[in-house]
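Can you build the whole structure from these sequences, using the hints too?
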Amino acid sequence: MNQRQNYLTYAHLITPLHTGGSTQEGNLMGIAREVHTEFPYLPSASLRGKIRSELEYINPAEADTFFGQKIKDGKQPTEGEVWFAEATLLFFPIASLNYHLVWITCPLWLERWNRWIGITQ
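This note's numbering puts the last residue of the sequence shown at 104; the count rises by one with no breaks.
In short, the hints are calculated from the structure, not lab data.
From the three backbone atoms N, C-alpha and C, an ideal C-beta is built for every residue, glycine too.
Be a bit skeptical, because a hint or two may be false.
[Stated by the list, open to error] Derived Cβ-Cβ restraints for the label pairs, each shown as a range: (1) 85 - 59: 47 to 53 angstroms; (2) 18 - -14: 32 to 38 angstroms; (3) 89 - 48: 18 to 24 angstroms.
Rendered as structure tokens:
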């Protein structure tokens, strides 16, 4: 019997990241937002797809083990070993007069983060 392990991972982005949402106004693309809060988030499929493509470049066999085998030559796809949740914000960069930028958060985001920590322990 396989034992399930949960890992909480953090990413600090150095350059802007844009994942499209369902709206578009002129040349401005919408960004993916949670329906209930309208907070921006990174869809799990985007995260999973990027990590899989990088691993396929390094080691295709290992990518099939972790993410499952794709449909090839009439074979059925297989289930992978990893699962990804959406990536959400914990801190938000804000321009500052005294510093280049400052990182802020709020009680709601910290409360959500504490719930995620509880799930992974």
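Margin query: Quick check on a hinted range of 32 to 38 angstroms for residue 18 and residue -14, using CB atoms only.
Written below: holds (33 angstroms)
Notebook entry, point to check: Are residue 89 and residue 48 spaced within 18 to 24 angstroms by their CB atoms?
Noted result: violated (40 angstroms)
Next item on the list: Determine whether the Cβ-Cβ distance between residue 85 and residue 59 falls within the hinted range of 47 to 53 angstroms.
Entry: The hinted range 47 to 53 angstroms holds for residue 85 and residue 59, with Cβ atoms some 51 angstroms apart.
When the structure is compared with the earlier hints, a violation turns up for hint 3 alone.
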